[in-house]
Amino acid sequence: MKKGDKIAYETLFRVYYDKLLHIAKGYLGTIEDAEEVVQNVFLKVWERRENFNKIVNLNNYLYTMTKNACFDRLKHEKVKNSFSKKYYQEKKAIQYQFMMDETASSILEKELEKRINIAIEALPEKCKNVFIKSRVEGMNHSEIAKVLDVSKRTVDNHISNALKHMRLHLKEFLTLFL
Amino acid sequence: MERNKILKYLDHSASPTEIKEVETWINTSPKNSKEFNRLKATYIAATFDDTAKTTNVEDGYLRYKKNIGQKSQSNKTTLWTAPLKYAATIIIIIGISYLFYDAPFYDDATAIVPVKKRPQNEDAITLKLENGNIQVIKEDGSSQVVDSEGNEIGTQQGNSLQYNNRIIPDKLTYNTLTVPYGKRFDIILSDSSHVVLNSGTSLKYPVKFIKGKNREVYLTGEAFFDVAKNTEQPFIVNTNELNIRVFGTKFNVSAYPEDNATNTVLVEGSVGLYQEESYDSAKTTFLTPGHLASLNKKNKGISVESAETAIYTAWMTGGIIFRHVPFKNIIKKLERHYDVSIINGNGELNEELFTASFDNQPLERVLKTFKDNYGIDYTIHNDTVTINH
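If you read the sequences in order, they're chains D and R.
Using this note's numbering, the first residue of the first sequence is number 1, and each one after it goes up by one.
Using this note's numbering, the first residue of the second sequence is number 1, and each one after it goes up by one.
It is worth saying that the hints were derived from the structure and are not from the lab.
Since the structure is predicted, the reported quantities are computational estimates derived from the model, not experimental observations.
It is possible that some hints are incorrect.
[Claimed, not checked] Residues from chain D shown here face chain R by an in silico Cβ test under 10 Å; the list is partial: (1) 9; (2) 14; (3) 40; (4) 72; (5) 91; (6) 100; (7) 114; (8) 143.
Glycine included, C-beta positions come from ideal geometry on N, C-alpha and C.
Bound conformation, chain D alone (with noise of 0.2 Å):
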């Protein structure tokens, strides 16, 4: 397993993770329901990863797949109280109709992407420019050193300061409002 890549998956998770349960937990009800859609749907992207690259748009990719994964499973899910199978059914048919609705779906979408964009924006500027040389411009650690006149031990540091700062971006978030 080459470090890059796996850095690749991790900040995919680490972004998206929270974000794509909040919106699985909207059309679902319940996070613990949203939480093995969204596991599943991680594990997915995983195996199809030698399809990544043909992906247009990552982040209607992943929404789509959520929302589908939801779908499914409130297709399967069995009516436990037949007691009250009308009420159950009534709820559930306002649940579908939520998930078809391209406006509703639309309005998620949008601000997904937004909410991602702002998880990204808050990298740090000089890690940043290290994070997109690499994996935008696809130069390696000795090439980048060089474009920007620092040692590669830098850019090794920048490169894991990125991922770290993602995660203690996140944990501030937690404990911010625990």
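Guided by the hints, dock chain R onto chain D, whose structure is given.
Leaving out everything else, chain R in the frame of chain D:
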């Protein structure tokens, strides 16, 4: 349905009775469920932080790693392949573009702009309040309409604005909604009447109708009205030349100042048309469904003929239908619909009649159809179309 109750339903603080009430309301009509969906989506969009602060990402990530570990027992060859990089790549690209054109989605979707400072809101849907302030309505946002006393009188969500029925006014206060070329907008008035405004249209209406008085609104441009029934309070649409009086019906009015005729098409119910200041049944033309009343602005005559109503309401879904329409009128309609200016370099075409229908097509497609079928050549430069001679 009160917005508050729906909010309580969404944040799980509603009582069982309230839950039942909201759910019944949702299931009553597609309109209600659409409204609920929009509110719910907006609510979810606004509460991302709630989940963020209760989520333990570390735990989630450990679980994810474990899941992958189990999966990879079977195929241990390549675990993290090159394409994975694209994940970060795409995220970063989104991040960069964010710098350039992101506008806050949540903070106060309508900015209040004093009239004098920004008179040109030509491309935006605007709402003029009683005190003269003009709010720009953001079609991808939502906002509250608040009166001068701070009472919340309506809610805007995307392309629609709904007035509530809560405040009881002692005098009429008016709002004016203006839709520029190329756009359309929905309003639900305080009496639940639904009005769809076409491009280049402005509608002035009371924020709340006063009990026992006529429900009067003022229209320039084109709108489709679905008026809530109330036989005690007639609903009157005032246009420059013509007044349309109804109790509860569905009809389309086209009253653009630049057009030669004001057209009223009745889809359902009945309407009365009169040109005098006040209503007098003896001087009123009554329409039955499936008919078009056309007021000729020059000689003030009203002619009535049977009409295919779908032709006159196609615009609501983005379509345009022409049946034996002079070319000069078609140009005007296209200008409004697509927000372009069209220069006709071939005057001979003006009075020629054409028949065509388009469902939600881009302008290029419409022009090309005219070219392919009638040999009408054109050039497009920015927002100007020139019809070549």
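Results for each hint:
Annotation: residue 9 (chain D) was flagged as interfacial toward chain R, and the flag holds, the nearest CB pair being 5 Å apart, inside 10 Å. Evaluation of the residue 14 (chain D) hint against chain R yields a held restraint, the C-beta minimum of about 6 Å falling below 10 Å. About 8 Å separates the beta-carbon of residue 40 (chain D) from the nearest beta-carbon of chain R, less than 10 Å, and the hint is met. Interface restraint check: residue 72 (chain D) against chain R, minimum CB-CB distance 18 Å, threshold 10 Å, status violated.
A hinted interface residue such as residue 91 (chain D) counts as satisfied when its beta carbon comes closer than 10 Å to some beta carbon of chain R; here the least separation is about 7 Å, so the hint holds. Nearest Cβ of chain R to the Cβ of residue 100 (chain D): about 9 Å, under the 10 Å cut. The hint holds. The interface hint given for residue 114 (chain D) holds, since its Cβ lies 6 Å from the closest Cβ of chain R, which is under the 10 Å cut-off. Hint status for residue 143 (chain D): violated, given a least beta-carbon distance of 15 Å to chain R, over 10 Å.
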